[in-house]
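If you read the sequences in order, they're chains A and B.
According to the UniProt record's numbering, the first sequence holds residues 1 to 252 in order.
According to the UniProt record's numbering, the second sequence holds residues 1 to 704 in order.
Be a bit skeptical, because a hint or two may be false.
In silico lysine-lysine, DSS-like type, Cα no more than 27 angstroms apart, as pairs [what the hints assert, rightly or not]:
| # | chain 1 | residue 1 | chain 2 | residue 2 |
| --- | --- | --- | --- | --- |
| 1 | B | Lys57 | A | Lys168 |
| 2 | B | Lys57 | B | Lys440 |
| 3 | A | Lys170 | B | Lys559 |
| 4 | B | Lys581 | A | Lys94 |
| 5 | A | Lys229 | B | Lys470 |
| 6 | A | Lys84 | A | Lys105 |
| 7 | B | Lys140 | A | Lys227 |
| 8 | B | Lys258 | B | Lys133 |
| 9 | B | Lys470 | A | Lys84 |
| 10 | B | Lys642 | B | Lys133 |
| 11 | A | Lys152 | B | Lys470 |
What the hints contain is simulated information worked out from the structure, not anything from laboratory work.
Treat the numbers as computed from the prediction; the structure is a model and nothing was measured.
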Amino acid sequence: MYSEQSFPIYQKRRVKRKRNKRLVGLIILFFLFIAIIIYLKSPISRIAEIEISGIDLLSENDIYKTADLRIGMYYLPIRTNSIKRKLLELEEVKEVNVTKQFPSKLVIQVIEEQPIAYLLNEDGVWLPILENGYIFNGNSEKNFLDRPLVTKWDDVNKIPKLVEELGKIKPSILVEISEIWQSRDLNATFDSSRLIIFTREGYRVHVLLEELGDKMNLYPAIINNLKTKTTKLGDIYLLESMRFEEFDDDNN
Amino acid sequence: MTFKQRVNKRTIFMGVFITLLFFLLIFRTFYIQAIEAPNLKLKAKNIWNSSTILEPKRGKILDRNGEILAYNAVAYTVVAILSKDYSNHVTDPNLTARQLAPILNMKENVLYSLLTKDAYQVEIRPGGWKIDKEIADKIKALELPGILLKEETKRYYPNNFLASHVLGFVNYDNEAVMGIERYYNQLLTGKQGQMMVMKDLKGYELPDGEMLFQPAKDGADIILTIDKTIQQYVESALDKAEKKYNPKKMVAIVVNPKTGEILAMANRPNYNPNKYWGIKDYRNYTINYLFEPGSTFKIITLAAAIEEGKFDENATYMSGSIKVPGGVIRDHNNGKGWGKITYLEGIKRSSNVAFVKLGYEMLGKEKLFSYIDEFGFGQPTGIDLNGESSGIMKDVNDAYPLDVAAISFGQGVAVTPIQQVMAVSAVANGGYLMTPYIVKEIKDSQSGEMIQKKVPVVKKRVISEKTAKKVQEILEEVVKFGQKPGYIEGYHVAGKTGTAQKIGADGKYLKNEYIVSYIGFAPSNDPKLLIYVVVDEPDLNIPYYGSTIAAPIFKDIMKNSLRYLKVPMDSKNKVEEKNDKTFLLEDYIEQPIVNSKTELSDLGLLPIVIGDGSFVLEQYPKPGSKVVRGTRIYLITSSKDKIRVPDFRGKSLREALEYSYALDIKVKVNGNGIVVRQSIEPNSIYDGQEIELILEDPANVLNK
Numbered sequence: 001m002y003s004e005q006s007f008p009i010y011q012k013r014r015v016k017r018k019r020n021k022r023l024v025g026l027i028i029l030f031f032l033f034i035a036i037i038i039y040l041k042s043p044i045s046r047i048a049e050i051e052i053s054g055i056d057l058l059s060e061n062d063i064y065k066t067a068d069l070r071i072g073m074y075y076l077p078i079r080t081n082s083i084k085r086k087l088l089e090l091e092e093v094k095e096v097n098v099t100k101q102f103p104s105k106l107v108i109q110v111i112e113e114q115p116i117a118y119l120l121n122e123d124g125v126w127l128p129i130l131e132n133g134y135i136f137n138g139n140s141e142k143n144f145l146d147r148p149l150v151t152k153w154d155d156v157n158k159i160p161k162l163v164e165e166l167g168k169i170k171p172s173i174l175v176e177i178s179e180i181w182q183s184r185d186l187n188a189t190f191d192s193s194r195l196i197i198f199t200r201e202g203y204r205v206h207v208l209l210e211e212l213g214d215k216m217n218l219y220p221a222i223i224n225n226l227k228t229k230t231t232k233l234g235d236i237y238l239l240e241s242m243r244f245e246e247f248d249d250d251n252n
Numbered sequence: 001m002t003f004k005q006r007v008n009k010r011t012i013f014m015g016v017f018i019t020l021l022f023f024l025l026i027f028r029t030f031y032i033q034a035i036e037a038p039n040l041k042l043k044a045k046n047i048w049n050s051s052t053i054l055e056p057k058r059g060k061i062l063d064r065n066g067e068i069l070a071y072n073a074v075a076y077t078v079v080a081i082l083s084k085d086y087s088n089h090v091t092d093p094n095l096t097a098r099q100l101a102p103i104l105n106m107k108e109n110v111l112y113s114l115l116t117k118d119a120y121q122v123e124i125r126p127g128g129w130k131i132d133k134e135i136a137d138k139i140k141a142l143e144l145p146g147i148l149l150k151e152e153t154k155r156y157y158p159n160n161f162l163a164s165h166v167l168g169f170v171n172y173d174n175e176a177v178m179g180i181e182r183y184y185n186q187l188l189t190g191k192q193g194q195m196m197v198m199k200d201l202k203g204y205e206l207p208d209g210e211m212l213f214q215p216a217k218d219g220a221d222i223i224l225t226i227d228k229t230i231q232q233y234v235e236s237a238l239d240k241a242e243k244k245y246n247p248k249k250m251v252a253i254v255v256n257p258k259t260g261e262i263l264a265m266a267n268r269p270n271y272n273p274n275k276y277w278g279i280k281d282y283r284n285y286t287i288n289y290l291f292e293p294g295s296t297f298k299i300i301t302l303a304a305a306i307e308e309g310k311f312d313e314n315a316t317y318m319s320g321s322i323k324v325p326g327g328v329i330r331d332h333n334n335g336k337g338w339g340k341i342t343y344l345e346g347i348k349r350s351s352n353v354a355f356v357k358l359g360y361e362m363l364g365k366e367k368l369f370s371y372i373d374e375f376g377f378g379q380p381t382g383i384d385l386n387g388e389s390s391g392i393m394k395d396v397n398d399a400y401p402l403d404v405a406a407i408s409f410g411q412g413v414a415v416t417p418i419q420q421v422m423a424v425s426a427v428a429n430g431g432y433l434m435t436p437y438i439v440k441e442i443k444d445s446q447s448g449e450m451i452q453k454k455v456p457v458v459k460k461r462v463i464s465e466k467t468a469k470k471v472q473e474i475l476e477e478v479v480k481f482g483q484k485p486g487y488i489e490g491y492h493v494a495g496k497t498g499t500a501q502k503i504g505a506d507g508k509y510l511k512n513e514y515i516v517s518y519i520g521f522a523p524s525n526d527p528k529l530l531i532y533v534v535v536d537e538p539d540l541n542i543p544y545y546g547s548t549i550a551a552p553i554f555k556d557i558m559k560n561s562l563r564y565l566k567v568p569m570d571s572k573n574k575v576e577e578k579n580d581k582t583f584l585l586e587d588y589i590e591q592p593i594v595n596s597k598t599e600l601s602d603l604g605l606l607p608i609v610i611g612d613g614s615f616v617l618e619q620y621p622k623p624g625s626k627v628v629r630g631t632r633i634y635l636i637t638s639s640k641d642k643i644r645v646p647d648f649r650g651k652s653l654r655e656a657l658e659y660s661y662a663l664d665i666k667v668k669v670n671g672n673g674i675v676v677r678q679s680i681e682p683n684s685i686y687d688g689q690e691i692e693l694i695l696e697d698p699a700n701v702l703n704k
């Protein structure tokens, strides 16, 4: 009676199904494995395109080198955060956004620090001084020099202060500044905070570095007031006392 | 009859016959020697003398700074010789027509029918008539048999549309049609000369054969009071307005109110005198367009009331409406008015009632009319141009009270723009009615000697200095009121808008059809410029006033002109507080330079145009760059290989570097401050070399 039970048959069937399932599983696994191998061996798994936008100062090469990137590297192991971290170490980079686009594209959007002025080095090359105080030392010939020009600067330690003060000046006044300089030749007792500014119109403005931002913002008002009185150019002293002296033959 | 008799008879007959012949001979000799002699001698002279007419060269027209506005130059007319008797004639009319058609811009079949005419020769008109050298060179290069180029002269207007109605034009038949060309035609034309020489039978000149040589007297050069730069500002402002509002007509005049010199004068619709056949209207509206001036005329009423001591700015009146025998006059806000207000406020609000009170009630008909007459209305101003109108003024005896009331605020009179300009100039210059003039000097074009020099002419004094000052002050208040139209940074401006309804054919006012205008001068206490702008029926569906349409045109011209003339600012009205935000620069590449320039200036940027093309090829900074008010934008209009070395001298370092970057010129900087020398001469062709700039401290360079 016991033997008449269908249990063994049932069991037998179950084993068979189990075997079938395992087989299917194995086959799927096998194909998956093949697919992975094919994927890994094919160029689809590798970066085919790196799109970089927003770079003026840096070159694409700089980005590649810094972030250890190259066309043809595997797509999967790339960690966007680490690229971001590496790129942010560059002084030129202000913000960066990295995204992976499956299957093989990497998009890097860079926001660079903007030049706030240009510094003339000994070789006659104009180096951008960036908003964070960093002096960019690469090739920047391709840039339109639409910032104030720092023609002589003897005290490099004061560059960050200069940047900070320039940042306070309204953009429309910044446009009017042709040159800014400090120099040992100025007077016998070198005062590195004493600056001279040449404006586009040809005024010579004397101002202290510490007060540069605040005092230069008064420039348009001073000029407007001046122009109602004289058409002559001259020295504008924005020191303890503010005054105007026309250029004449004996003051130089 | 015997033989002898017969012989005798024959002899006598012969004798008589020969004697008769002799008589005939003697008579003929006598006839030739005595009677026909003078005629024959003249004929003979004509054969051995050859006389040539020497054509004078037409004088140039120049602006006040010597910029050429019109000149004569060589032009060519294409002539085809068709007669087979002449060795060089058109052999294949078909091919000739096909080859000429595209160059001359004529239809092939038209050319063909010209070339197959039964004539000795034909001039290929109109396409081949007085063509430029470039086209003539192209035809020469084709080497077509029988096609010749005849050298002639043609009038050129290098600035095309600029001041076209003022200049007028000379057509291809050498007739001066209008404007200065016509008014001064005789002076410009000069006198023909003549040369007579003796020649032998074959046409060779005999030695010492010169009998008469009378050189041609070239036409005089005419120097206008027009300033080309200001005229350009006017033209571009009107072009912009034309595009925006598509008005029927527009008029703009810029004068120096102290002298009466016309600095700019323009009309719309416009035409190009080089292609004069496109002209739509020959009239120079600035001097002969009659219209109701509307509120700008109120200035006259105000001046008269002040002069007569009738005006008290603090006195009050009831605004809204006023009854006059024959009707009711309402203020422009549908007669609502602003309650009881002072006259000063009434004037600021351009209240009609205030002016009816001043003109009709206080001054009265006779006084008002006599002032209007004094200010020059109703008679031509006497400007040196053809076709000036005198305007329409009601006769004082025929004027009804309602007429007088209407006239006091500028309705019911018809004036010309130039009359209005001269009347307000009298207010601006301290009370003198001037005669306007547009020709400054006339000079002999060969010797440069002055033939005529015009000086300002005062017609009469119409109001006192004190009155003029007071009116200026009030007009300045009008501009400041609400800081609306006409307000220009850095300058005190005095001005007044005008909006006049147009009158239809039935004599009634038309709904929604207006003539809007703006008249103003600056700086108001020492006026250098007075500008009047009239726009007839702008195409707008919304209600509009002089303030919304004419005032911006006025402002545009005034602002640019004051800056160009370097008029010192006289007001500190908040230049520095204006928006200081950075924004992104748009793309102007391949846009017409004129538009880009005005758009950039409107944004507060300073466009600098390099080259002489009419489209922007490159721009620096590039599109999308961050810019701020005052940023210089360099627009390059001709290709860089045609670029010439700019004059860096006098420029600041930054400006010099911007230029060199925009032009792709390598520079080396030596020193700092202002450029005083450059290693390659300005204007020479740039060959890629590095240019050294030597700079010096401004204190050593400027103010000298």
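How the hints compare with the structure:
1. Lys57(B) x Lys168(A): With Cα atoms ~64 angstroms apart, Lys57(B) and Lys168(A) exceed 27 angstroms; violated.
2. Lys57(B) x Lys440(B): holds, 21 angstroms
3. Lys170(A) x Lys559(B): Judged against 27 angstroms, a Cα distance of about 24 angstroms means the pair holds.
4. Lys581(B) x Lys94(A): holds, 21 angstroms
5. Lys229(A) x Lys470(B): Measuring from Cα to Cα gives roughly 25 angstroms; hence the hint holds.
6. Lys84(A) x Lys105(A): holds, 16 angstroms
7. Lys140(B) x Lys227(A): violated, 60 angstroms
8. Lys258(B) x Lys133(B): violated, 45 angstroms
9. Lys470(B) x Lys84(A): Violated: Lys470(B) and Lys84(A) sit about 70 angstroms apart, past 27 angstroms.
10. Lys642(B) x Lys133(B): holds, 21 angstroms
11. Lys152(A) x Lys470(B): This hinted pair is violated, its Cα atoms lying about 55 angstroms apart.
Checked against the numbered hints above, the structure breaks hints 1, 7, 8, 9 and 11 and satisfies the rest.
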